[in-house]
Every structure is written in C-alpha cells, then in structure tokens.
Amino acid sequence: MGEHVASGIEKWLLDKTGKDIYFWNFIVLMFFTLFEVGAVFFEKIPGTEIEITRLMVWGVLIGVGIIKGYGIAAYFMHLRGDPRIYTRTALFPVLFVLLMLWGIGLSNPEAVTELPAWCTPDWDYATR
Amino acid sequence: MSAHNNHVENSTWMHAVMMAGIFAVIGIIAFAALGIGVANQKHDVYDDAKHDYHDAKEDPLTTSEELDDLYHKEEKAHLSFLTYRVAGITILVMCSIYAIFLGIGGLVNALQPDDDHGGDDHGHDDHEEHHGSASPIIFSLGVMLFLMGFPSFVVACKALMSQGGTFVFSDILVSLIGLNFIMLGVANWWKEDLPFIGHGEQIATSAPFEGEHIRKAGLWVFIMSEIMVFATFFSSYLRVRTEWCTDWAIRASEEGDSCYGVAEGSVTTASDLLRYDVATLMPGAINTFALIVSSYTIVLALKTAKDKNWEAPTNFMRFVLPDKKRAIRNYLIATLALGSLFIVLKLVEWSHLVAEGFDIGSPQGSIFYVATGAHGLHVFVGLLVMLYLIFKSDTVGFDEDNGQGIEYFGLYWHFVDLAWVVIFPAFYLY
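Here the protein sequences line up with chains A and B, keeping their order.
Position one of the first sequence corresponds to residue 1 (my numbering), numbered consecutively onward.
Position one of the second sequence corresponds to residue 1 (my numbering), numbered consecutively onward.
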C-alpha cells in the first residue's frame, strides 16, 4: 500500500532512464501546463499563420485537463496501483456532476428552443 | 529520537514553540523588507507617476497619446506598489498564523505532565484495543462555534480595519471561543499522533473497504465530498457563464454565437483581465507550476520515507538531503514554501483585480472570488497540517512504517492540485 509499484511502461522507463514514474509524471504535467498557457496566450500557432480559434482552445483546455487529472490521480494519488474501490469512490461524484451539467443545459434560456427534439419530449409549447 | 521509539517526552513539544519563533522572525523580516522597504519605494514611484499624470491632465498642450502613456505608467506603478505591499502583509499574516498555530499546539502539549501520553494510544500497543479519540469532536465543536460567530466576526474585523462600523469585543467572542476549541482539538490530535510508529493502524473489517486502512478509506470518502463541493462551484460558474456574452464570445460572434447587439465590455470576467498579458497571467501560471512542483516534492517525501535502502545523493544535493530524516523534512519544507507562495501570489493577483475594478459585487466577480477563495482556503488548511508534518519529521521522524502519515496528507494535497487543474483553465484561461 502506498508507494507505486513499477510495471509495464513504468518499469521500462525506470530501466531505460533511471528515473521513476513520479519524475516522468511530473515532467508531463509541467509540459502540458506550459502547452495549456501557450494555447491561450498565442493568437496563432507559433511559426505558422494558423489562427487558434475558440474551439481549438476548448479542445486543448479539456484535453490537457483530462491528461493532467489522470496523471495526478493515477500516479501521484496511486489510484493505478491501489484497489479498485478507491477509484470507484473517487468517480462516484461524477454521476452528480453529470446531473448538474444536465441541469445547466436544461436551465439555460436557450434550451427551450435550441435543444434537439429527442431531448425535449412534449416541449412543443415552446415553439407554438 | 528514533521513529521506533513511541515514547515522546513532553519537552519535544518545545521544538514546535521554537519553530513558531522562526516563523515569527521570517514573517517580520519579510514584512519589513517587502511590505515596508520595497513597497515604500514603489509608493514614491507611484506618487510621482500620479502627479505626472494629473499635471499632464491640467496641461492643455498634452496630447491624448501622452496622457494615455502617463495613465498606463501610473497604473503600472500602482500595481507594482500593491504587489510588494500585499506580498509583505500576506507573508506576515501567514507566518503569524503559522507561529500561533505551532506555538499554542506546542505549548499546550509541553505543559502537560510527562506521564500523560494522550488519549488515543493507537501506536502504543498492537494488542491494545483502540478506544477512539475525542479530538474530531472537539475540533468540530470549535468549527461550529467559529462559524456561528463568523458573521459578527467579519463585522468586527471590518471595524478593526477602519472599513466602517464600531468594534465591539462581543462580536468576536463566539468565534474566538470556537478558535480555542479548534486549537485544543488540533493539539490533542498532535499529541495522539506524534508517538505513532505505524503499528496498530486500524483495518476496515467490512465491505466495501474490507482489509484497507480506515484512515485511508476515510480520507477518500472525504475527498469524494470535496469533489462535490468544487463541482457545485464549477457548475454554478458554468451556469452563469453559458448566459454571459463575454467580450470573447462577442468577438467570436461570426462563428455563430448569439451575441449580436451586445456591446463589448458588458460582461468582463477575471480571465478577460488576466489572460491577454504576460504580467497579469503570470501569478496564476506560476501558481499552477508551484502546485505541480509541490505535488512532486510531497511524493518525494513519501518515496524517501518508504525507501528502506535510501542513500544520500553524491552530487550538490547532498547538502539539501544529507540523511533520510532531514531529506524528508526538507521535501516537506519545500512543499510548505511552494504552498505559501501560492497563497501570496493569489492575494497579490486579487489585489490587482480589485484595483482594476473587478470586485465581488458582480456575479462574475462573486463566483470567481468564492471559487478561487475556497480553493485557496483548502491550500491554507493543507499548509497548517504540513506544519505538523514538518514538526514530526524533525523530531520523531518518518520511515517505512509510519510514512502513511505523509501519504494520507499527500492524497489531500494532490486533490487540491487536481481541483486547480480544473479551476485554472476555467477561471483564468477561458
């Protein structure tokens, strides 16, 4: 319990580089944070004329957030090596988060007219 | 004292009092250097810039470009002054709280007779039945009293800071009693935990955590509830954000957003003020790196504690990590320093935002300050717990048997980092 036991790619990294998974996880987290800040700060992809649009920023922020979250939870918090019950405990609130997101969507003023039909059964009064 | 010796002399607690003295000195020096020395110099520069701007405004020969330039210089000088003043005051207040926390906790335990070894004894005897601890109940009672008196406590604090109203001692009485109970609970907790050498850890006997350490399972359940707390902040932010036509959304209207007809500047979020300039984005970005590095240093502290064959490095790091005990302590001190840096930069950043007119009075200001403030409070509570870990690492010490103390605290600290992974992009970058 506690310290992470190296296996698979973690063991390979340890053997090849002499640095453990904590070190590499730390490097990955630092890199992606730089990437995240850069994506917002630059208006164009450096060295190109390609504009960084809002959708691209969303993609980067959500993608990087998932990678960083996984890195912290799986390796620093040892969820990858610990019994599954801890992962289940950590993920339990996700159910409520999804419910809240659903609520956010439904309570948005535009939801009445903009949501797809499958999402608004018997809401025809809105468009009547 | 060896980690395998579970008898702790009460005089050991005087070490905490000594640490309190060190923090008090650090706070006073930092305040004198940054909050007074540098800040006063910056204030002179700010005064000059202010006069230059006002003189130029009176002068009919000044062009609008020159006036703009002078205005920006004045604004920059003001923010620079605020940076040092707020940093100095924050370090002083934080170090004072550290000193009070360690000082009172240490003194309460040091003043007890030596034959009294606390009420929990979970490290005393493997065969002795666990008989619980009163500390959580005392602590909770203290928190309840503190929060009951909190509204009038805020009124009294505002009066003390000359922000209106009259200071009446009875306004802070209930909260003060609460704080005393909190300290008593914490001191008792420390006394129970300090002799713990890793034997006699309670194991869950029923599903779903059967066979697991109860403390660890409890911590994960606590983290689960914390995820819910931050999820409510985040969802309320999303809820209002989906309705705001921010400047960014207005500029992107051609992409199909429904912001036509809404004037720019109608809704200014914190990220509108922060993300376009390196100087304004810097505190938040440094804080993100500080939390990631601090997550790594606490992992290194745990790794060192659990390593039976730990050897001191042979390069320059041997000065920082001369032996296992001091290596763990120094990793924890580094974590404390990084966490403290986080709080200082956060308050500096807040002071800049308030100076620019982004205060808690608007919906976007309210959700920003409440969410980032709640996160900052979690960091600060973590730092207070870290003080005890540093004290324990410097006296009793951590090793492969009792290193789980660092592990369990680390789980909380990583969660705080994880929460920032969501807050930073949402509130600062988007």
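Please keep in mind that the hints were generated in silico from the structure rather than gathered at the bench.
Each residue gets a CB set at the ideal place from its N, CA and C atoms; glycine is no exception.
Careful: at least some of the hints might be erroneous.
To be verified - Some but not every residue of chain B turned toward chain A, in silico, with C-beta under 10 Å:
{"id": "1", "residue": "Tyr53"}
{"id": "2", "residue": "Glu58"}
{"id": "3", "residue": "Ile214"}
{"id": "4", "residue": "Ala217"}
{"id": "5", "residue": "Ser225"}
{"id": "6", "residue": "Ser236"}
{"id": "7", "residue": "Arg275"}
Quick rundown of the hints versus the structure:
1. Annotation: interface hint on Tyr53 (chain B) violated; nearest CB of chain A at approximately 29 Å, more than 10 Å.
2. Against a cut-off of 10 Å between C-beta atoms, the interface hint on Glu58 (chain B) is violated, since the closest Cβ of chain A lies about 39 Å away.
3. At a threshold of 10 Å, the smallest CB-CB gap from Ile214 (chain B) to chain A is about 13 Å, leaving the interface hint violated.
4. Because the smallest distance between the Cβ of Ala217 (chain B) and any Cβ of chain A comes to about 8 Å, under 10 Å, the interface hint for this residue holds.
5. Against a cut-off of 10 Å between C-beta atoms, the interface hint on Ser225 (chain B) holds, since the closest Cβ of chain A lies about 8 Å away.
6. Below 10 Å, beta-carbon pairs count as interface contacts, and Ser236 (chain B) has one with chain A at about 9 Å; its hint therefore holds.
7. Because the smallest distance between the Cβ of Arg275 (chain B) and any Cβ of chain A comes to about 5 Å, under 10 Å, the interface hint for this residue holds.
Hint compliance for this structure: hints 1, 2, 3 are not met, and every other hint is.
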